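**Student:** Sequence:
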Amino acid sequence: MSDSQPPKPPKPPKRLARSPSTHPDTPFACEPSLARAQSHQGAELSSVSRQPAAVWGDRPKSMSQSSMVDIDVTVVGEQFEGRYHTKRLLGDGGMGEVKLIRDERIGRDIAMKVVRDKYIHATDILERFRREARVQGQLEHPAIVPVYDLGVTPEGAAYFTMKRIRGLTLEEITVRLRKGDPELKATYSDRRILTTLLRVAQALAYAHQHGVVHRDIKPENIIVGNYGEVYIIDWGLAKIFGAEEPSRPSDQLRVDDTTIQGQTEAGAVLGTPGYLAPEQAYADGDVDHRADIYALGVIIFETLTLTPLHKRGKAEDVLASTVKGVDARPSVRAPHRNFAPELDRLCVAATALNRDHRYHDMLDVAETIERYLDGGRDTEARRQMAERHVEAARQAARDARSNPQDVEMLRARALRELNAAVSLDSTNDAALRAMGLLLSDVPEKLPPEAAAELESERAGQRAEFAKALSLAFLTGIVLFGVNVYVGVGDTVSFLFSIVLFLGIGLLLWRIGAHGRATKRHMFSLVALTAAIGGSTTTGFGALFIVPSIICALTLLFIVAMRMDRKMWMMSLGIGILGVLVPAFLQDWGYIRASYTFHEGGVMCIQPWGMPFDASTTIPLLMGVAVLTIGVPAAIIGIAVERFNAAEEKLFAHAWYMRQLMPTEVQRGQTERPPATD
Numbered sequence: 001m002s003d004s005q006p007p008k009p010p011k012p013p014k015r016l017a018r019s020p021s022t023h024p025d026t027p028f029a030c031e032p033s034l035a036r037a038q039s040h041q042g043a044e045l046s047s048v049s050r051q052p053a054a055v056w057g058d059r060p061k062s063m064s065q066s067s068m069v070d071i072d073v074t075v076v077g078e079q080f081e082g083r084y085h086t087k088r089l090l091g092d093g094g095m096g097e098v099k100l101i102r103d104e105r106i107g108r109d110i111a112m113k114v115v116r117d118k119y120i121h122a123t124d125i126l127e128r129f130r131r132e133a134r135v136q137g138q139l140e141h142p143a144i145v146p147v148y149d150l151g152v153t154p155e156g157a158a159y160f161t162m163k164r165i166r167g168l169t170l171e172e173i174t175v176r177l178r179k180g181d182p183e184l185k186a187t188y189s190d191r192r193i194l195t196t197l198l199r200v201a202q203a204l205a206y207a208h209q210h211g212v213v214h215r216d217i218k219p220e221n222i223i224v225g226n227y228g229e230v231y232i233i234d235w236g237l238a239k240i241f242g243a244e245e246p247s248r249p250s251d252q253l254r255v256d257d258t259t260i261q262g263q264t265e266a267g268a269v270l271g272t273p274g275y276l277a278p279e280q281a282y283a284d285g286d287v288d289h290r291a292d293i294y295a296l297g298v299i300i301f302e303t304l305t306l307t308p309l310h311k312r313g314k315a316e317d318v319l320a321s322t323v324k325g326v327d328a329r330p331s332v333r334a335p336h337r338n339f340a341p342e343l344d345r346l347c348v349a350a351t352a353l354n355r356d357h358r359y360h361d362m363l364d365v366a367e368t369i370e371r372y373l374d375g376g377r378d379t380e381a382r383r384q385m386a387e388r389h390v391e392a393a394r395q396a397a398r399d400a401r402s403n404p405q406d407v408e409m410l411r412a413r414a415l416r417e418l419n420a421a422v423s424l425d426s427t428n429d430a431a432l433r434a435m436g437l438l439l440s441d442v443p444e445k446l447p448p449e450a451a452a453e454l455e456s457e458r459a460g461q462r463a464e465f466a467k468a469l470s471l472a473f474l475t476g477i478v479l480f481g482v483n484v485y486v487g488v489g490d491t492v493s494f495l496f497s498i499v500l501f502l503g504i505g506l507l508l509w510r511i512g513a514h515g516r517a518t519k520r521h522m523f524s525l526v527a528l529t530a531a532i533g534g535s536t537t538t539g540f541g542a543l544f545i546v547p548s549i550i551c552a553l554t555l556l557f558i559v560a561m562r563m564d565r566k567m568w569m570m571s572l573g574i575g576i577l578g579v580l581v582p583a584f585l586q587d588w589g590y591i592r593a594s595y596t597f598h599e600g601g602v603m604c605i606q607p608w609g610m611p612f613d614a615s616t617t618i619p620l621l622m623g624v625a626v627l628t629i630g631v632p633a634a635i636i637g638i639a640v641e642r643f644n645a646a647e648e649k650l651f652a653h654a655w656y657m658r659q660l661m662p663t664e665v666q667r668g669q670t671e672r673p674p675a676t677d
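Heads up: the sequence shown begins at 1 in the numbering used here, then just goes up one per residue.
These are computed hints drawn from the structure, not numbers from a lab. Careful: at least some of the hints might be erroneous.
To be verified - Okay, derived cross-link-like pairs now, SDA-like style, lysine to any residue, Cα gap no bigger than 25 Å in a straight line:
| # | residue 1 | residue 2 |
| --- | --- | --- |
| 1 | K185 | R333 |
| 2 | K566 | A527 |
| 3 | K519 | L432 |
| 4 | K467 | E455 |
| 5 | K519 | V559 |
| 6 | K163 | E127 |
| 7 | K99 | Y188 |
| 8 | K566 | A452 |
| 9 | K649 | E342 |
| 10 | K179 | G228 |
| 11 | K566 | L507 |
| 12 | K467 | T518 |
| 13 | K649 | C551 |
| 14 | K163 | G91 |
| 15 | K467 | C551 |
| 16 | K519 | E449 |
| 17 | K467 | A634 |
| 18 | K467 | L432 |
| 19 | K311 | G228 |
| 20 | K99 | E220 |
| 21 | K467 | F643 |
Just so we're clear, the structure is a prediction, and the values are computed from it rather than from any experiment.
With the hints as constraints, model all of the structure from the sequences given.
**Tutor:** As structure tokens, then:
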């Protein structure tokens, strides 16, 4: 063959060949051209099929040649008006609109697609419109909407009627799933989505065997009914092998191609950017059934990941992405979904740049989906991948021994590798044992990232407790009103106590507002608490009531502020000093004594800060007792409840993690050596 001669199309396998003599009535005596697509930019993927693509079944049925001629389909106006009554508009598109019609002759609601008035004299539009009706009407398949009638309205507009279908388009389902619609998430699992696409693949395989390529497969053209029924609509761009290709649509139908959001391009390129195959992007007319395979592969990817394979935007950008190619592995686009390798291979093979590297035909796609749904997994490949992850975890452990400064980073890497191994092969004992050891051997010191996360959680708890305590202290100032009513003996001490209460209340409010308690804040709280003890000495002495108040407040702040060992020990020391310092100062005579002793073992309290009155002192002491017991007990009780809940959650987490391990690993983690005397 000379260089100037075009290459011969690949010969179809014998099982799919058709004999012209066997089907003399068909227009497809010659095989359609299945020439290889041009080589595009980007890395090409390995071939899925060893045989050249073909679309014909053992005994194909095809569009009859007579069905493609222009026959008179006009219905008498009286018959039309007497039979069809418009109820409402269902939708519209570029060249026509779909209405809900009542068929009075049959007594049922149907759908009617009518050419727009401005196109009733456009020969190319009418040609494609009638072609769509005949193609759709002659493809008798449950997933292809049946056509009932084809004609012309009294106004001269071409129409065809078809079954009225109810449901959601796959586009609507995907958009609502992307938005997190709880109803759709509960209804449309990955399995149901794949089952739907399996039926689409089977319907397209039927169309391909009858010599028809849809050429505009996209989520908007797939409708899913409430009872699981699936329909493929809009066959206006369908290609019929062996029949003359209609002329291109009128320029009047050319869409604005500045941006692409899923609309059909009716200009130089036939199809919808983002779903059309690379060979369609060249608009050379050399398109076969593998263009539908590409489009379905894109849809499978997008319904699984809920993201477009080709980023939406300007038309030229979408087409450039199509020609260049992108990574079509769902596991890469949505790693958190943990997609199986089979789905990666399905999407990659269906969307290969070179159509010769795609699936042999749509039945292969359907069989791949069906095998996945039936649980047919490539077990050996998954085990090999799991072993590679285990080896990577072992290498991370070896690196940790030689690089102690990076131990936490390497430990996290090992856990990720082991998790991936277990995800691929849940029976891999090596991965389970190693994971059990890593999870049980918890490091004494938290990694910096974990420590920061824990501190952030504690800050929120501090803020919550601080807000409650600030209200308690600020409202506690009411007690000083009782002091004023009884009488103030030492004005300086009285005002100092008020300032201390306000200081603690405002400091707690600040901590609650910002959710951050520094060591300086904690030290200030403890110091102010001790100072309150000193100021209260003027009323009850250093050794009566004051120790209870300081003890309650110190314990309260230790728990509420989640103090570390250093801080709570310092708080304990300051609290003790808050009692002992005033007591020694009184005993040494530096400040007025609060206690006197008399004959007969009588001890008297000298309230030089405030006078005692029988009618007010007892209620005051009762109020102080209630606050001293109630507020700390309530706050500490809430804290203990949270500690218990956290402990139970942690224990449950550890227990459930142990259930993932082999029995011997569980036994090693739970059994302890017997106690010895």
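**Student:** Indicate, hint by hint, whether the structure satisfies it.
**Tutor:** Okay, the hints, checked on the actual structure:
1. K185 / R333: Cα-Cα ~19 Å, so holds.
2. K566 / A527: 15 Å, holds
3. K519 / L432: At roughly 43 Å apart (the allowed maximum being 25 Å), L432 and K519 break the hint.
4. K467 / E455: 18 Å, holds
5. K519 / V559: Cα-Cα ~14 Å, so holds.
6. K163 / E127: At roughly 22 Å apart (the allowed maximum being 25 Å), E127 and K163 satisfy the hint.
7. K99 / Y188: Violated, at about 29 Å.
8. K566 / A452: With a Cα-Cα distance of about 19 Å, the restraint between K566 and A452 holds, given a limit of 25 Å.
9. K649 / E342: 36 Å, violated
10. K179 / G228: 22 Å, holds
11. K566 / L507: 21 Å, holds
12. K467 / T518: Distance ~16 Å between K467 and T518 Cα, so the pair holds.
13. K649 / C551: The given pair, whose Cα atoms are some 31 Å apart, is violated under the 25 Å limit.
14. K163 / G91: Within the cut-off at roughly 15 Å; holds.
15. K467 / C551: The given pair, whose Cα atoms are some 21 Å apart, holds under the 25 Å limit.
16. K519 / E449: 21 Å, holds
17. K467 / A634: 14 Å, holds
18. K467 / L432: 46 Å, violated
19. K311 / G228: Between K311 and G228 the Cα gap is close to 30 Å, so the pair fails against 25 Å, i.e. violated.
20. K99 / E220: Between K99 and E220 the Cα gap is close to 18 Å, so the pair holds against 25 Å.
21. K467 / F643: 20 Å, holds
Checked against the numbered hints given earlier, the structure breaks hints 3, 7, 9, 13, 18, 19 and satisfies all the rest.
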